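Whole structure, please, built from the sequences with the hints as guidance.
Chains as they are written, first to last, in the working numbering: chain L, 1 to 160; chain C, 1 to 160.
Wrong hints could be hidden among the right ones.
[Unchecked claim] List of simulated lysine to aspartate or glutamate pairs, DMTMM-like, C-alpha gap at most 20 Å: (1) L:Lys67 to C:Glu27; (2) C:Lys94 to L:Glu122; (3) C:Lys99 to L:Asp59; (4) C:Lys51 to L:Glu122; (5) L:Lys92 to C:Glu73; (6) L:Lys67 to C:Asp95; (7) L:Lys2 to L:Glu126; (8) L:Lys28 to L:Glu122; (9) C:Lys2 to C:Asp115; (10) L:Lys67 to L:Glu82; (11) L:Lys67 to C:Asp59; (12) L:Lys94 to L:Glu73.
[Said to hold, decoys possible] With the C-beta cut set under 8 Å, the calculated list includes, among others, these residues of chain C facing chain L: (13) Val52; (14) His58; (15) Gly83; (16) Lys92; (17) Val93; (18) Ile100.
What the hints contain is simulated information worked out from the structure, not anything from laboratory work.
These figures come from a predicted structure and were not determined experimentally.
For every residue, glycine included, the Cβ atom is placed at its ideal position computed from N, Cα and C.
Protein chains: 2
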Amino acid sequence: MKQVKVYSLALDSFTKAPIVLLTDLDEKTCLPIWIGIFEANSIMIALNKIKVPRPLTHDLAVNLINKLEGQLELIIISGLKEGIYFAELNIKVKDELIKIDARPSDSIAIAVRLDVPIFVNETLIELMVNLEEFKSKIVDEHLKTILDNLREDDFGKYKM
Amino acid sequence: MKQVKVYSLALDSFTKAPIVLLTDLDEKTCLPIWIGIFEANSIMIALNKIKVPRPLTHDLAVNLINKLEGQLELIIISGLKEGIYFAELNIKVKDELIKIDARPSDSIAIAVRLDVPIFVNETLIELMVNLEEFKSKIVDEHLKTILDNLREDDFGKYKM
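Have a look at this one:
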């Protein structure tokens, strides 16, 4: 297993879907995982320690773990099947280790709240790509999207 | 305490926010609670037993309760302060009863998944309004919204 960290949240400029970008601790390679907007929002709030008027569902999940006397040890991005990533929470209850399957987005949202390490399974390490290349690809795609979106209507606005 | 049930999900036609409508078991009076779109979606999915490709965050919360050997007994819509409703999950772990504060929306999303009773605290019962009246009010407000939204621009479209 390889330890990773949350490098940033980005927006796939092509699909407009949020991406959570995991990198190795040296920030050389990354594993981009496409996630939902709600989960992205929740991760961002936790990373930036933004105060929200009401606890989010992930805050409740953290509360459930704590109140039921569990201790989240780490999370693992455990596999990839048909384009979908899987993850698991490793929770210690007394002396027993309990593994709970979860989406990577939920797992990461909980991990950043409890400040526990995030690991990537062996089988996924080879899928990690160069961070700088990936970032430049996002920028290129951003440009592509702008061009694609320039429909005739938009030009029409500027016709006199 | 009074037992209630989820009567339906509705959309406030004025604010466009989702409402979860709790009613007494005879469907005479209701307590409308305004909730977020994500939570409304999650409650709807559970009520209609819709199969989703991936578990939602509330499915994970249910999993956490089960795997950590808790048993959700009931939920209580416990109070109202400055226009915000509060709720609590009552979870039994071995012989101990643990109360966990949560948003009503999260509590209801979890309760409908585990099919446990929902209660409303004494202090909130007097806030329950006639169900039929509330439903007709939603319709009236719907009309009001349509009229409010008819801005000059909209009429302008039909000018030749």
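A quick look at each hint next to the structure:
Taking the CA atoms of Lys67 of chain L and Glu27 of chain C, the gap is near 35 Å; set against the 20 Å cutoff, the hint is violated. The straight-line distance between the Cα atoms of Lys94 of chain C and Glu122 of chain L is roughly 38 Å, outside the 20 Å bound, and the hint therefore fails. Between Lys99 of chain C and Asp59 of chain L the CA atoms are separated by roughly 15 Å; this keeps the pair inside 20 Å, and the hint holds. Between Lys51 of chain C and Glu122 of chain L, the direct Cα distance comes to roughly 31 Å. Violation of the 20 Å bound is thereby established for this hinted pair.
Among the hinted pairs, Lys92 of chain L with Glu73 of chain C is inconsistent with the structure: their alpha-carbon atoms are about 24 Å apart, more than 20 Å. Between Lys67 of chain L and Asp95 of chain C the alpha-carbon distance is near 14 Å, which keeps this suggested pair within the 20 Å criterion. Of the supplied pair hints, the one linking Lys2 of chain L and Glu126 of chain L holds, its CA atoms being roughly 11 Å apart against a limit of 20 Å. This hinted pair checks out: Lys28 of chain L and Glu122 of chain L have alpha carbons roughly 17 Å apart, not beyond 20 Å.
Restraint check: the Cα-Cα separation between Lys2 of chain C and Asp115 of chain C comes to about 17 Å, which is no more than 20 Å; the hinted pair holds. With a C-alpha separation of about 36 Å, the suggested pair Lys67 of chain L and Glu82 of chain L falls outside the 20 Å cut-off, and the hint is violated. Annotation: proposed proximity of Lys67 of chain L to Asp59 of chain C holds, straight-line Cα distance about 18 Å (limit 20 Å). Straight-line distance between C-alpha atoms of Lys94 of chain L and Glu73 of chain L comes to about 12 Å, which keeps the hinted pair within the 20 Å bound.
Restraint check, Val52 of chain C versus chain L: the minimum CB separation of about 11 Å is more than 8 Å; hint violated. Satisfaction of the interface hint for His58 of chain C is found here, the shortest Cβ-Cβ separation to chain L being roughly 7 Å, below the 8 Å cut-off. The interface hint given for Gly83 of chain C is violated, since its Cβ lies 11 Å from the closest Cβ of chain L, which is over the 8 Å cut-off. Taking 8 Å as the C-beta contact cut-off toward chain L, the hint placing Lys92 of chain C at the interface is violated, the least distance being around 11 Å.
Interface restraint check: Val93 of chain C against chain L, minimum CB-CB distance 6 Å, threshold 8 Å, status holds. Evaluation of the Ile100 of chain C hint against chain L yields a held restraint, the C-beta minimum of about 5 Å falling below 8 Å.
Violated hints, listed in ascending order, are 1, 2, 4, 5, 10, 13, 15 and 16; each of the other numbered hints is respected by the structure.
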